[in-house]
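Protein chains: 2
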Amino acid sequence: MPQEQNKGLQPKKITILGATGTIGQNTLDLIERNPSHFQVVALTGNQNIPQLVYQAKKFKAQFVATADADKYQDLKEGLAGCDIQCGAGKEAVLEAASMQTDICMAAIVGVAGLEPTLHAIKACKTLALANKECLVSAGKLFMQSVKELNTVLIPVDSEHCGAYQCLAAEQPENIQKLTLTASGGPFRNLSEQELQYVTKAQALKHPNWEMGAKITIDSATLMNKGLELIEAKYLFALEVDQLDMVIHPQSIIHCLVSLKDGSVLAQMSEPDMRVPISYSLGWPQRLQTPVAPVDLADMGQLTFEKPDMERFSCLALANHTLYNTQRLGPILNAANEIAVEAFLTDKISFTAIVEIIEQVMEKMESHLANFNPMELNDILQIDERARYLALEMLKLRV
Amino acid sequence: MPQEQNKGLQPKKITILGATGTIGQNTLDLIERNPSHFQVVALTGNQNIPQLVYQAKKFKAQFVATADADKYQDLKEGLAGCDIQCGAGKEAVLEAASMQTDICMAAIVGVAGLEPTLHAIKACKTLALANKECLVSAGKLFMQSVKELNTVLIPVDSEHCGAYQCLAAEQPENIQKLTLTASGGPFRNLSEQELQYVTKAQALKHPNWEMGAKITIDSATLMNKGLELIEAKYLFALEVDQLDMVIHPQSIIHCLVSLKDGSVLAQMSEPDMRVPISYSLGWPQRLQTPVAPVDLADMGQLTFEKPDMERFSCLALANHTLYNTQRLGPILNAANEIAVEAFLTDKISFTAIVEIIEQVMEKMESHLANFNPMELNDILQIDERARYLALEMLKLRV
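So the protein sequences, as listed, match chains A and B. First residue of the first sequence: 0, per numbering that gives the first Met the number 0; consecutive thereafter. First residue of the second sequence: 0, per numbering that gives the first Met the number 0; consecutive thereafter.
Isolated chain A, as found in the complex (with noise of 0.2 Å):
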């Protein structure tokens, strides 16, 4: 494997939050890549702990922590013999994120990532961020934050990636537009009939990156871009009729950025996330990746299309919630994470999962009228309650 020399500079410091799933596999890909650069201070993982195990001994981390309280004796067992802390629980994950880094790897899946990320911000000099829903539900707050303690916020979505990277050398005020791309997933072309009987097996099955189930479904029904376009618009500080998407099913070029002079910024890369994931690890360097160079002339082409709001209806939601993202944007996301996992779990069809969102958000709107959540245990209250409704609206269809 060839490593790169890290030139006689201190390793980062990093704690990855979120160390089994995908995106944390991949930065301990990284890191193993380039192991002068990196010193692993603490994991998290929830129900995985053999993977967690496993990857502790490997990169020697000071601390490991497990979310599930159930599993602390397992991880304890694990880790006998070495020479390494550990805890269970949500008070351990906090820990975790709370150790002095210079890099942490935010990638908890869910809102559950939402408090640990918090933390996380106080305790590390750059914040790699691959937790969608810290701004999708809490993007006030968090942005807030991250302003105060002077964090360097580097995205790990390879659109907002790729949107940080064209962004580098310029003034906000010559924005003009931000398009997010979306591979249109793997129902692009069904009609609406069609969607109702895809299967999971099919919808689990993205045609360009590997990602975990969750944000998998929320490709398949684009709801995954909808969250985007609310999480770049607290990124980057834009207007709504600033943020756009179009599909590109070939998943290349994975963020555009149109200045006011009609010139366009975009990045591309084969859809590997160890493209994104090695920019923020790198920053403000860039680390070599084994990532194959685009190459153009042996594509061929590259497709465009202006996507489709009626078939896939999750967009229009997530669009309406655009322009309130602060009241409505946690509501979204709860209500999306329960109705996916019931798709998961064979509970409903495919297009049942936008229906859910749709009732939860209708019925807790019109109630939050004016109520602007700004506060963690506000906006955790308002999670709760649209899970406990789409639970409730689940249940109404059994």
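No wet-lab data here; the hints were simulated from the structure. A couple of the hints might just be wrong.
Put simply, identical chains are the same to the list, so a pair is met inside one copy or across any two.
[Unchecked claim] Once the Cα atoms are required to be at most 27 Å apart in a straight line, the calculated BS3-like pairs of lysine-lysine come out as:
hint: 1; residue 1: K70; residue 2: K362
hint: 2; residue 1: K346; residue 2: K394
hint: 3; residue 1: K124; residue 2: K259
hint: 4; residue 1: K259; residue 2: K12
hint: 5; residue 1: K305; residue 2: K146
hint: 6; residue 1: K11; residue 2: K259
Small disclaimer: the values here were computed from a predicted structure and weren't measured.
Place chain B on chain A using the hints.
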């Protein structure tokens, strides 16, 4: 016409060398749209005195020069009654180039632009470079002068301006490859046989760009892309194996920069020279332009092909030159200028262009072994010799 306010800033003083050409006219179009941003100091032209007089009056230039010494009376009479100084001949052009300005737009076509542009480096803070020959014929001398005088150099070719934008926040050591795109010109799909019979009118019809006659023919032979690769080598201090090109018939993506982590930054725009010109005029800000934003969904696709070095053997000649630009650059450029001029005046066929250049290069290359011209005089002598030989070759054909 929508105009942008120049919030309380001093207008930038600007000189345009080659004001009556396509680049010069587009530069003045942008100045007209942003009148509070610029103050025209000097304009130079060649034969087209009515146009030069019109421009000088409209933009209240202080000094105007024609390169053609015989046109002094015409120019003088055209400017009668205006408070505008004027001159004619080489010295007058050098005088214009030597006036102290914030920006000099160097847009003289051909090697004639070399000496004035070298003068301008000393007199302006930012040099907007549209004259390819400064780099192709005298790249080392030119870049050294730019460096010594601390002049900001902004390339105006759309490809290089795109690269400049992509590289604005990048470390040079991260660049793996710079890929320039080429439309492939009007004859992209013709066979070797068919290329022999193309007419001047066909060659002058570029599929995407409106440009002057010389560069339009260079685009049809693909020599333009060869010259641009040589330019890129000097501008961005790259090795030959870091330079690449790809055929991209839509001319939307102008340049791609591949970085060592697998990420590619690209710059796009509608094919309109006002985008790179405005970038050079506005830098480090961006100006509003009337150029329509790129709409990829509307376009549907961008296509790419490998270039065919057999059919477009100008590319092969340029590629050979790349390995020894300092010695071969002036020869390639001079022979090409003569051959293109001969084609434009109906003296030779389209395919004879490359034959002439090839013959001149073969003849001169061995004689110049180990001589790497650095002084302007040496470069101009090689240039003159190559022109003489090219003219001799032409005679043999008539």
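Hints that the structure is at odds with (numbers, increasing) = Of the numbered hints, 1 and 5 do not hold.
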